[in-house]
Every structure is written in C-alpha cells, then in structure tokens.
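First to last, the sequence lines map onto chains C and B. Oh and the first sequence: position 382 is 410 in my numbering, straight run, nothing missing. Oh and the second sequence: position 100 is 625 in my numbering, straight run, nothing missing.
Misleading hints may appear alongside valid ones.
What the hints assert, rightly or not - Computed footprint of chain B on chain C; a stretch qualifies when at least three of its residues, placed anywhere within it, have a C-beta under 8 angstroms from a C-beta of chain B: (1) 241-252; (2) 424-432; (3) 546-559.
To be verified - Here are some of the chain C residues that sit facing chain B, going by a computed Cβ distance under 10 angstroms: (4) Thr379; (5) Val505; (6) Gly529; (7) Ala530; (8) Gly533; (9) Gly534; (10) Ser536.
In case anyone wonders, no lab produced these hints; they're calculated from the structure. We put the beta carbon where it would ideally sit given N, CA and C, even for glycine.
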Amino acid sequence: MTVPAGPLPLAEPVRLPMRLSPKVLLIHPVRMIPSLIVPLVGLLFVGGFSGMSYTWAAVGVGVTLAFAVVRWAIFSYEIVGDRLEIKRSLISRSVRTIPLERIRGVDVSTPPMHRLLGLAVLKIDTGASGGEEEGKLDGVTLEEAERLKSVLLRRTRAARVTRPARAPMPGETSAAVSATDPAAATDPAAASASAAASMSAVREETAEDEREIIRVPWTWLLYGPLSGAYLLTPFALAGGAVGLAFQWGDDLGFGRDAALTVGEWLWEHPYLLLAVVLLLVVAMPFVGGVMYAVFNWNFRLISRDGYLVAERGLINRRSVSLEAGRVRGYEIIEGLAERWAGVARVWAIVTGLGDSQTRGQLLPDVPRTVAFQVTGEAIGTYQAELRPHPPIARNRRLFRAIAPWLALAVATTLTALLTAQPIWWIGTVVALLLAGSGISLGLDRYRSLGHGYDGVRLAVRSGSLRRSQAVVERRAVVGWHIRQTWFQRRAGVYTLTAGVGAGKGGYSAIDVSQQQAIGFPAEVTPEWLAPFLSKGQ
Amino acid sequence: MRLWLAEALFGFVLLVGCSILIAQWVGGSGWSWVPGWFADDPWLLPVGVGVLTTPFLVAEPFVRYAVHRWELSGDVVYTRSGFLTREWVFVPVSRIQTVDKAQGWVERLLGLATLEIRTASHAGSSTIKGLDYTVAAGLAEELAHRAEQLRDDAT
Numbered sequence: 029m030t031v032p033a034g035p036l037p038l039a040e041p042v043r044l045p046m047r048l049s050p051k052v053l054l055i056h057p058v059r060m061i062p063s064l065i066v067p068l069v070g071l072l073f074v075g076g077f078s079g080m081s082y083t084w085a086a087v088g089v090g091v092t093l094a095f096a097v098v099r100w101a102i103f104s105y106e107i108v109g110d111r112l113e114i115k116r117s118l119i120s121r122s123v124r125t126i127p128l129e130r131i132r133g134v135d136v137s138t139p140p141m142h143r144l145l146g147l148a149v150l151k152i153d154t155g156a157s158g159g160e161e162e163g164k165l166d167g168v169t170l171e172e173a174e175r176l177k178s179v180l181l182r183r184t185r186a187a188r189v190t191r192p193a194r195a196p197m198p199g200e201t202s203a204a205v206s207a208t209d210p211a212a213a214t215d216p217a218a219a220s221a222s223a224a225a226s227m228s229a230v231r232e233e234t235a236e237d238e239r240e241i242i243r244v245p246w247t248w249l250l251y252g253p254l255s256g257a258y259l260l261t262p263f264a265l266a267g268g269a270v271g272l273a274f275q276w277g278d279d280l281g282f283g284r285d286a287a288l289t290v291g292e293w294l295w296e297h298p299y300l301l302l303a304v305v306l307l308l309v310v311a312m313p314f315v316g317g318v319m320y321a322v323f324n325w326n327f328r329l330i331s332r333d334g335y336l337v338a339e340r341g342l343i344n345r346r347s348v349s350l351e352a353g354r355v356r357g358y359e360i361i362e363g364l365a366e367r368w369a370g371v372a373r374v375w376a377i378v379t380g381l382g383d384s385q386t387r388g389q390l391l392p393d394v395p396r397t398v399a400f401q402v403t404g405e406a407i408g409t410y411q412a413e414l415r416p417h418p419p420i421a422r423n424r425r426l427f428r429a430i431a432p433w434l435a436l437a438v439a440t441t442l443t444a445l446l447t448a449q450p451i452w453w454i455g456t457v458v459a460l461l462l463a464g465s466g467i468s469l470g471l472d473r474y475r476s477l478g479h480g481y482d483g484v485r486l487a488v489r490s491g492s493l494r495r496s497q498a499v500v501e502r503r504a505v506v507g508w509h510i511r512q513t514w515f516q517r518r519a520g521v522y523t524l525t526a527g528v529g530a531g532k533g534g535y536s537a538i539d540v541s542q543q544q545a546i547g548f549p550a551e552v553t554p555e556w557l558a559p560f561l562s563k564g565q
Numbered sequence: 526m527r528l529w530l531a532e533a534l535f536g537f538v539l540l541v542g543c544s545i546l547i548a549q550w551v552g553g554s555g556w557s558w559v560p561g562w563f564a565d566d567p568w569l570l571p572v573g574v575g576v577l578t579t580p581f582l583v584a585e586p587f588v589r590y591a592v593h594r595w596e597l598s599g600d601v602v603y604t605r606s607g608f609l610t611r612e613w614v615f616v617p618v619s620r621i622q623t624v625d626k627a628q629g630w631v632e633r634l635l636g637l638a639t640l641e642i643r644t645a646s647h648a649g650s651s652t653i654k655g656l657d658y659t660v661a662a663g664l665a666e667e668l669a670h671r672a673e674q675l676r677d678d679a680t
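Just chain B, with the same shape it has in the complex (with noise of 0.2 angstroms):
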C-alpha cells in the first residue's frame, strides 16, 4: 500500500517564510565593529547575501518538495529528503520506540505537522516534515499501534 498524503502545501510557504524573515534580519545588520570601506557602504552585505543566496532560496523549496517522500508499506517506514545531500531512511516499524509530532509555529499557521520516528539508535531515526495535521495524527497512532504489536525485544 502506498500512501501519498498532504505534500502539496509542503516546503515552499515555509522556507518563503524563513527567507524573508532571514533577508529582514541580514537588511538590519548595521552594526559598528564593520570595518570602514564597509561603513560608509552598509548596503553591500545585504545585497550580496541576496545575490548569492536568492537561486538558492528559489532552487531550495521545490528540490526539497520534489525530494521529500515518505512512504509506510510492509510495517517499515521509508523517508527519503535532502537537498544537496540526499538521505534515504528505513525504520522498521518493530524497532520504533517513540513517535512524536511536533508543530512549529509557521507549521501552525499551515496547518502542518512534523513527526519524528525514532529508535533506540540516532541513525534509525527519522523526521517526516510537512505533514497535514490530521494525516500527521492518523499516522502517529497508527505507527504507534503497529509498534505495540509488533514489539520485539532485540533492543
């Protein structure tokens, strides 16, 4: 069974966010330990941070979103993410311990969830981004469900 469930909204609203609140940040730094050429030019840094970062910032969200999958068949969860680098996880629901949803304010906003699968090991342990909340929910008590049964004791 293949569950392809609430991407759409996925990613790009949120790293637009993150950007624009980054932009305002670096817009604001006129701070006085920059060195004098600097000084009397305050406008370089932003401008050339915006330069370097804007293909960046247009390039990031819809690699992430392309990117970004997951997948729960056969009693193991598959999530696959990255942008620059790419990361394939495969957490066998037997072994999880936790299932956490977490929500982040811009998530809130959405109408996102975050869930984090994790195991008795760091590198058996997965986040799931950008879930729809109810999907989130459905999905954490039904992972955590399958785990109960599937209990098993090697760790």
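So that you can see chain C by itself, here it is in the shape it has in the complex (with noise of 0.2 angstroms):
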C-alpha cells in the first residue's frame, strides 16, 4: 500500500473489518500439543489401545482444532476512523478501541512458526500500564505486519500534526530532524501539509525515507560473551530438562522413584555430578555466545517517518518501533569484561514503554566509539565531562567492597581457632583474596561515579561489574528526590535522584556532596530551586 505523504483525512471512512490469518490456525494446535501429548499417551496406555481410547483421543484433538478454529473466527480488527478496534465476539462481545494517536511503538516478532508460515506477531504499545492494555495481534501475515506497522504508525503521526504542535525543544531529538530529504521537502504534498503545520511538524513531516543508522556487522557479536547475558542458559536448560523429566515421567508412570533412584546413583558418583557441572560451566560462553547471536542477528538501527526502528535476531526476527519524540535519553552500560574489551550496550530511555528492558534496547555490544557515535546521531550527544564525587564516596565505596569479606575472615579464623580445624583457614585465605580484590573494586567503583550537565542533557554514572551511564533530557526531569541515610549523614554525603517520566523512573547520582546535591539541581532546574535556596535550604 503506498501512503500518501500528506496527513490523512482522519474522517475517511476505513471499514475493513480484517482477520488474522488463517494460516494462525496451523499455530495454536501445534503450541496446544506439549500440554495435550502427556494425556493422550496416558490415556492411550489407560485404555490399551483399544478402539474407544482412540475415538476419545481423536474426539480431544477435534476439540483442539474446534477451539482454534473458533478462535480464529471469533476475532477480528479494523481501523475505524482515528482508532482500532480490535474485536472478539461469539456470544459476549469485546471490543477494545485504541486511539490511533495514542499508539507509541508498534512490535513486529515472528517466532519460528511464525516464520515458517510466513506470519508475524504485531504489537501495539499505547503506553498504558500493564500488558493487557496492550494491541496484540498474533499471526498476520508479513506485508499485513507491514502495511498496518505503516498505517498505524503514519496516521498517529498525522493525527498529532492536527494537533497544535508542541513548540520545538532545545533537545528535540535529531533522528526525525536531520534524515530530512532534499527530493521529499520539495514533494507538493509534503509542503501543501506544510502550509498548515507548524516548523517541527514539517520536519517530522518530510522525514519521511529511511535510514539506517547503523547494521552492526556479524564480526562484533563475538562480543557477545563479554555481555554475560544468556551465560546462565546452560543450566536453565538443565535445569528445565530435569523438570520435564520428572513431570513426564510421573505423567507417564515411571514416578519419582526411578527418578529418584537416578539422583541417588548420581549422588553416589560425585564426580560425574562435578563433571556435569564443569561441563555446564565450560559451556556458558559458548552457549551464552550462540543464544547472544541468535537474539541479536544481523541488528540494524533504522531512522524511519519520526520512529527509531531496531530491527534484530535471527529465528524470531524482531523489530521494534520507538518513537523518536518519547525518546527521552539512553543509558549505556557496561560489565567489566565488555570495559576491558571496550565495547558497550545501549537502551533508549523511552517514556511510556512497556518492557523496556526487550523492547527499549539500542544497540547490542559495540565498540564504545561507536555507540558515542550512534546515540549521538541517533538521539543526541552529551558533551561535558562528568564532575567526580567527593573523597568521602571513595571511602564509602572501599569499605563497602572490602568490610564484608573482613568481617567473613575474622569470623572464619576465629572458627579455625575455636574448633581447631584447619579446614577453615581455608576460609580465611579466600575471605581475604576477596577483600583484598574489593580494593580495586571500590577504587573502581569510585572511578565510576560522576554526574554531569550540558546545557540539554544531564548524565550519572555508577557501578563497577555493571557500569551504568545514564543521559536524559533536561526536560524529562519530572523532580528531585535527595535521600540521605543514617550513615550517609555521618559522612555528610547524599543519593540524589533525577526522577524521570521514563525508563527506570529515577536516575542516581550517588553520594554526592551536600554543595552538589543542591547545586546540581539548581543548575539544571534553576527556577525549581530558587525560591528555596534564596532562603538558604
């Protein structure tokens, strides 16, 4: 479907009341069969295979399909006017509107069944609270996927340009702005609709092509390891297998005590459980980095019609639309191993996104230049340097890192002393490697705190094993909170806290100075804090 490029007339009547797919219908039975097969086997064994237990299995499977077919049948969308309903009706009916310009991110997933069929998941963020509020349409086919991603998208747009547009901010995000297009500016659609809008909807009018920011080549997911994501998989996975193992084998009457009888032989061979184990150790990166490049396959950030698109994966290709004007900051972060090797992760800080933590991210790991570089083009650049904290963090910080493997020491020797066994020297030994490690965490630790403002943006950073900068938009900044504890107070530091309409909701700039806990505030929101500082807080 070609869109036209100036806004659409919002009473244009679209009555197509549209169906998933039927090719969906191929789906859900198959999803149905692990929780169906445990039944229909023991019913067979119960029945012995006799000509009634089949009747009745087939009877379950009839019932199966049925239920999928009704499914089907039952549910359909359309977009009315300035909204989309999305129905499901047999005998009750339910009909859930969602206004077109409350739509803030469209999700396109295609599992693997999905991908097989040639189908996609489509769902729509409105920025609601809670997971039910949301649009889901599950198996549409792809250029369905594509075309309503379009429409939907397209017309919130359109419908906010009739709005009296928002005067353009200092920090206005860049991504919608400067993919403007010399051929599309001079478009007589484009400027007819220009005629009416205002300076900023012109803009985010005639941005109207595609551009890819970046497409992170294949060579850089060997970084992936370095993330620590997914390194727990293996033993989920065995985890999940000895589950199912059990479940099945009680479903299907071996019972638990087979099982259990396993367990014990396998206790009795302690080495072959430290073997599994090790295997499973020995397996993480390797697991960790296969599940790590599945998820983030060929990933491509794509500026597109005011929306930044992330498109990745490789079985369940993903692509995820955020619209660029909620897009209020980034957060990069960083582990120790992705430091020493210089790369980084980024996530948009996003308002009203729901599962942010999927949804939200940017870029997968890269190398730290050019995420600088992406966030830059893509959002916009943060350009201060970050003021250190005062020395009295460091101490907090070191004492933190070093005081509970001490005190794990002392009470290990006392052990050893009182009990006279040696054994937990071995205790004291490893207490105090650790201890002496935090030294380098808490300097580090130290290190990596820092909070800083730009005139736009204001940025904080924390962390050590996970390093965590934060930048956010100035006017994102909904209050401050400053929290001080007990021991805080003995040191004369504070937690500040930016809250923000988005991402996490607050931000922390940790053990602050009192000079910097309220000058901080009252350089990046002055006319907040005046009233309070003229009378000396």
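Take the two lone chains, each set in its own frame, and fit them into one complex as the hints suggest.
So, in structure tokens, the structure goes:
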C-alpha cells in the first residue's frame, strides 16, 4: 500500500474488518501439543489401545482444532476513523479500542513457527500500564504487518500534526529532523501539508524516507559472551530438562521413584556430577554467545518516519519501533569484561514504554566509540565532563567492598582457632583474597561515580561490575529526590535522584556532597530550586 | 509564600497508637513453635522487644514530626521527611499528574489526611502525611488546578 505524503483526512471512512491470517490455525494447535500429548498418551496406555480410547483421543484433538478455529473466527480488527478496534465476539462481545494517537510504538516479531508460515505477531504499545492494555495481533501475514505498522504509525503522526504542534524543544531529538531529504521537502503534497503545520511538524512530515543509522556487522557478535547475557542458559536448560523429566516421568507412570533412584546414583558418583557441572560451566560462554548471536543477529537501527526502528534476531526476527519524539535519553551499560574489551550496550530511555528491557535496546555490544557516535546521531550527544564525587564517597565504596569479606575472614579465623579444624583457614584465605580484590573494586566503583550537565542533557554514572551511564534530557526531569541514610549523614553525603518519567523512573548520583546535592538540581532546573535557595535551605 | 499548616497533630498520636497495637500483638505471641528455654519464660520476648523499641518509640514521633516539612512556593512542592533516613523531594507543579488524598482509619479519627503527589516517575513523587483534612483538600484542589494550568507535555 502506498501511503500519501500529506496528513491523512481523519474522517476518511475505512471500514475493513480484518481477520488474522488463517494460517495461524496451523500454529495454535501445534502450540497446544505439548500440553496435550501427555494426557493423550496416558489415555492410550490406560485405555489399552482399544477403539474407544482412540476415539476419545481423536475427540480431544478435534476439540482443540475446533477451539482454534473458533478463536480465529471470532477475532477481527479494523481501523475505524482515528482508532483501531480489536473485536472478539461470539456470544459476549469485547471490543478493545485504541485511539491511533495513543500508539507509541509497534513491535513486530516472528517466532519460529510464524516465520515458517510467513506470519508475524504485532504488538501495539499504547503506553498504558499493564500488559493487558496492549493490543496484540497474533498471526498476521508479514505484508499485512508491514502495512499495519506503516498505517498505524503514520496515522499516529498525522493525528498529532493536526493538534497544535508543540514548540520545538532545544533538545528535540535529531533522528526525525536530520533525516530531511531534499526530494521529500520539494514534494508538493508535503509542501501543502506544511502550510498548515508548524516547523517541527513539517520536519517530521518530510522525514519520510528510511535511513539506516547502523547495521551491526556479524564480527561484533563475538563480543556477545562478554556481556554476561544468557550465561546461565546451560543451567536453565539443564534445570528445565530435569523438571520436564520429572513431570513426564510422573505422568507416564515411571513415577518419582525411578527419577529419585537416578538422582541417588548420581549422588553416589560425585565425580560424575562434578563433571556435569564443569561441563555446564565450560559451556556457559559458548552457549551464551550462541544465544546472544541468535537474538541479536543482523542488528539494524533505522530512522524512519520519526521513529527509531531496531531490528534484530536470527530465528525470531523482531522489529521494534520507538517514537523518536518520546525518546528522552539513553543508558550505556558496560560490564567489567566489556570495559576491558572497550565495548558497550545501549538502551533507550523512552516515556511510556512497556517492557523496556527488551524493547528499549538500541544497540547490542559495539565498540564504545561506535556506541557514542550512534547515540549521538540517533538521540543526541552529551558533551561535558562528568564531575567526580567527593573523596568521602571513595571511602564508603572501599568500606562496602572490603568490610563484608574482612568480617567473614575474622569469623572464619575465630572458628578455625576455636574448633582447631584447619579447613576453616581456607575460608580465611579466600575471604582475605576477596577483601584484597575489594580494594580495586571499591576504587573502581568510586572512579565510575560521576554526574554532569551540558545544558541540554544531564548524565549520571555508577557501578563497576556493571557500569551504567544514563543520559537524560533536562525536560524529562519531573522532580528531584534527595536521600540521606543514617550512615550517609555521618559521612555528610547524599544520594541525588533525578525523577524521570521514562525508563527506570529515576537515575541516581550516589554519594554526592551537600554542595553538589543542592547545586546540581539548581544548575539543571534553576527555576524550581530558586525560591528555596534564596531562603537558605 | 510559605505555607506552614496543620502539622500540630501529626505523627505523635498516630505512632503511639501504632506502638500500642504492636505491643499488644507482641504480648500476645505465645505460639507453640518457640524453643524450650524460651517456652518457660515467654515474657522475655515482649520485654526484650519493649526495651529495645522504647527509645525508638519515644524518639521517632518527635524526630519525624520535627523533620517533616512541606512547602509550596513558586509552583514547586517541597517535602522533607524521615527518621534515620532523610528525604527531600522537589516536585514542580507543572509535572504533577495526579494528586490523591487518602485517609487511614487513624487519620480519620484524628481528622487528618495524607496527600500523595504523583508524577510520571516514582522518584519524583512525594507524600505529605498528617495534614489537617481541610488543608489537604484545599491543597489538593489548588495543586490540581495549577497543574492543569501549567501542564507541560515533555513527559
């Protein structure tokens, strides 16, 4: 479908009740097989493979199929005027209405079976709280998903343009703006549209074409294991297998006893168990890396139509559209290993984004310079030095990193002396070693601490094993929260949190001095703090 | 403009009421799972707890009352609260999304109310406890009204 360039007339009657692709009928029953197979097999065993039990099994399968058909038949969706209606009607009727202007993003993903059949799952993010409020179309064809995506997002924008456009903010994201194509700007339709709309709207309107900000080359997938993501997958898989074995064993009548016998046998051969655990540990980086590669395969970040679109995945190809106007900043995450390799991951901080951990991801592991370049291009750069926190913060970091291990060392030493069992000395040595490593950890934690403001965006950074730097636009700050625990009061430091109506909700600068705790908010939002400062807080 | 209103009743009565409840609950804890030496002298626990918590019980309401402040000036709501951990919260009226006033049963007895000022972020939301009910109602209305006027779309 070609989409006209100008704002769409909203009253245009579009009455096309659409159904999901019938191919989805192939998916739902297959998905139910795992839960069905055990009762069916059990039925066959119990019934002794007689004609009767076959009949019952057939009835079970038939009911499942019928259920899928009914579910498909009663489900329809259509775009009515300026809203999307999702209907489920058999005897009772449920209509979910989503005003198009409320749509903040569209998330298209293709799980393996959908992929085989050329289908996709379309999730519509409305910024409402709770997953129940979101629209979900499970099983539309790929073309329909693309069409819907462009229609929904375009109409969203068109609906917004007709409202009084908001003033261009100084920190307006450049993604929608800088993509202006001269050809599109001279387009007559766009020009006529621009007559009615304000400057910022025009720019959004003309930023039609798609621009690829980055395509992550596959060699960078090798950084995957450094991220620590999916490292526990082997254990999860093993745990899942054991659980499944228990459950199926139970259902199929082997009983728990057999499983317990196996467990006891393993317990009596601890070296075998140890070997299994070792194998799993060795497998961690490999399996984790493979999982990472599968999920982040061919990662692309695109700026299209005022949206940031992130596409990724090998088997389940996922495309997440984030409205650029709602992106308030970004968070750069670096683990210890990642810092050593000089790579970083980036998440976007978006207002009203549900499930932001998976949806907000802007970049997988890429070299730091690239990460900064891309975020600068897609969202905006932060240009200022981070200010260090007072030296007392270093003492606090050191104390926290060392003290627990020292306490443990003392405890084990005492036990060793009292019980006269040399094995406790091992504990002491380990604890002392950990305390020693705590020194460098504490120092590094202190080095990570920092906050800063460059006139448009503020930044806070903390953490060592997982260092995270959040960069947030000034206008996204909804309040300041200063907190001081009893220990902090003794040390004369504060935790300053900028409340942000996006992402995690608040980003903290830990252990700032009193001067910074008051000075930083006063610097970022002078008009809020002025009345209180004049009186001398 | 500085608004210092209706703090006189806050805290003390409320917390002493709570403490009596806690003391009663503790005193009535004669369950059967307690170990042998303890079962002989069940009164040890309430006494121990009582001794440990009494200083807190005495000090906390006064400290909380002394620390708790709120102020609306220049379209920014400022609240301060805390006992061992102090908190200061600045919330500009323009970013307020909802203003809730709530009354627990103790607060109803005393004619007090709690005002919850919510923004899009949990870190930017604050609560003012123990306001005189009429003051809370008036403030809630005023804040809601001002927030309407100053509405700004950035979040």
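Going down the list of hints, with the structure as the test:
Counting residues of the stretch 241-252 of chain C whose C-beta sits closer than 8 angstroms to any C-beta of chain B gives 0, which falls short of three, so the coverage hint is violated. For the stretch 424-432 of chain C, the assignment as covered by chain B is violated, since 0 residues bring a beta-carbon within under 8 angstroms of that chain's beta-carbons and 3 are needed. Residues of the stretch 546-559 of chain C with a Cβ under 8 angstroms from some Cβ of chain B number 7, which satisfies the need for three, so the listed coverage holds. Given hint, Thr379(C) at the interface with chain B, holds; its Cβ is 6 angstroms from that chain's nearest Cβ, closer than 10 angstroms.
Taking 10 angstroms as the C-beta contact cut-off toward chain B, the hint placing Val505(C) at the interface holds, the least distance being around 8 angstroms. Taking 10 angstroms as the C-beta cut-off, the interface hint given for Gly529(C) holds, the closest approach to chain B being about 3 angstroms. Given the 10 angstroms rule on beta carbons, the hint for Ala530(C) holds: about 7 angstroms separates it from the nearest Cβ of chain B. The criterion of a C-beta within 10 angstroms of any C-beta in chain B is met by Gly533(C), whose closest approach is roughly 4 angstroms, and the hint holds.
The beta carbon of Gly534(C) comes within 3 angstroms of a beta carbon in chain B, closer than 10 angstroms, and the hint placing it at the interface holds. Restraint check, Ser536(C) versus chain B: the minimum CB separation of about 8 angstroms is within 10 angstroms; hint holds.
Hints 1 and 2 from the list above are not met by this structure, while the remaining hints are.
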